[in-house]
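J.: Go ahead and model the full structure; you've got the sequences and the hints to work with.
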Amino acid sequence: MSDEEYQQAQAVVATEAQRRAAEAAAANAERMAPLLEITASEAFGTLKAAVEALPAELAADA
Numbered sequence: 001m002s003d004e005e006y007q008q009a010q011a012v013v014a015t016e017a018q019r020r021a022a023e024a025a026a027a028n029a030e031r032m033a034p035l036l037e038i039t040a041s042e043a044f045g046t047l048k049a050a051v052e053a054l055p056a057e058l059a060a061d062a
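Going by our numbering, 52 is the number at position 52 of the sequence shown; the sequence numbering is gapless.
Just so you know, the hints here were simulated from the structure itself, not pulled from any lab data.
Just so you know, even glycine gets a beta-carbon here, dropped at the ideal spot from N, CA and C.
Check each hint, because a few of them may be wrong.
Label-pair distances were calculated between CB atoms; the ranges are [stated by the list, open to error]:
| no. | residue 1 | residue 2 | range |
| --- | --- | --- | --- |
| 1 | Glu23 | Asp3 | 28 to 36 Å |
| 2 | Ala11 | Ala50 | 37 to 45 Å |
| 3 | Asn28 | Glu52 | 27 to 35 Å |
| 4 | Asp3 | Ala40 | 50 to 58 Å |
| 5 | Ala40 | Gln7 | 45 to 53 Å |
| 6 | Ala17 | Ala40 | 29 to 37 Å |
| 7 | Leu58 | Ile38 | 24 to 32 Å |
| 8 | Val12 | Leu47 | 28 to 36 Å |
| 9 | Ala29 | Met1 | 34 to 42 Å |
| 10 | Met1 | Glu23 | 26 to 34 Å |
| 11 | Asp61 | Arg20 | 52 to 60 Å |
| 12 | Glu57 | Ala22 | 29 to 37 Å |
| 13 | Ala50 | Gln10 | 52 to 60 Å |
| 14 | Tyr6 | Leu36 | 55 to 63 Å |
T.: Next up, the structure:
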């Protein structure tokens with residue numbers, strides 16, 4: 001295999017790796033979208049604030 005052929009093979013491998021990485025990133029974004037939608041909701045913010053207040057309330061009751 002000549003240097004040129006080797007470089008061409010490396011370029012093919014690099015291109016495939018980039019394609020797979022982009023495909024994986026797109027799939028991850030699709031899976032994350034519902035979670036991001038939930039955590040951005042007002043109801044989640046209210047629940048989060050209530051959970052964060054629990055330790056203070058429990059300490060006051062002790």
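J.: Next step is simple, just say for each hint if it's right about the structure.
T.: Status of the hints after comparison with the structure:
no. : hint                        : verdict
1   : Glu23 <-> Asp3: 28 to 36 Å  : holds, 30 Å
2   : Ala11 <-> Ala50: 37 to 45 Å : violated, 55 Å
3   : Asn28 <-> Glu52: 27 to 35 Å : holds, 28 Å
4   : Asp3 <-> Ala40: 50 to 58 Å  : holds, 52 Å
5   : Ala40 <-> Gln7: 45 to 53 Å  : holds, 46 Å
6   : Ala17 <-> Ala40: 29 to 37 Å : holds, 33 Å
7   : Leu58 <-> Ile38: 24 to 32 Å : holds, 26 Å
8   : Val12 <-> Leu47: 28 to 36 Å : violated, 50 Å
9   : Ala29 <-> Met1: 34 to 42 Å  : holds, 38 Å
10  : Met1 <-> Glu23: 26 to 34 Å  : holds, 29 Å
11  : Asp61 <-> Arg20: 52 to 60 Å : holds, 54 Å
12  : Glu57 <-> Ala22: 29 to 37 Å : violated, 47 Å
13  : Ala50 <-> Gln10: 52 to 60 Å : holds, 55 Å
14  : Tyr6 <-> Leu36: 55 to 63 Å  : violated, 43 Å
Checked against the numbered hints given earlier, the structure breaks hints 2, 8, 12, 14 and satisfies all the rest.
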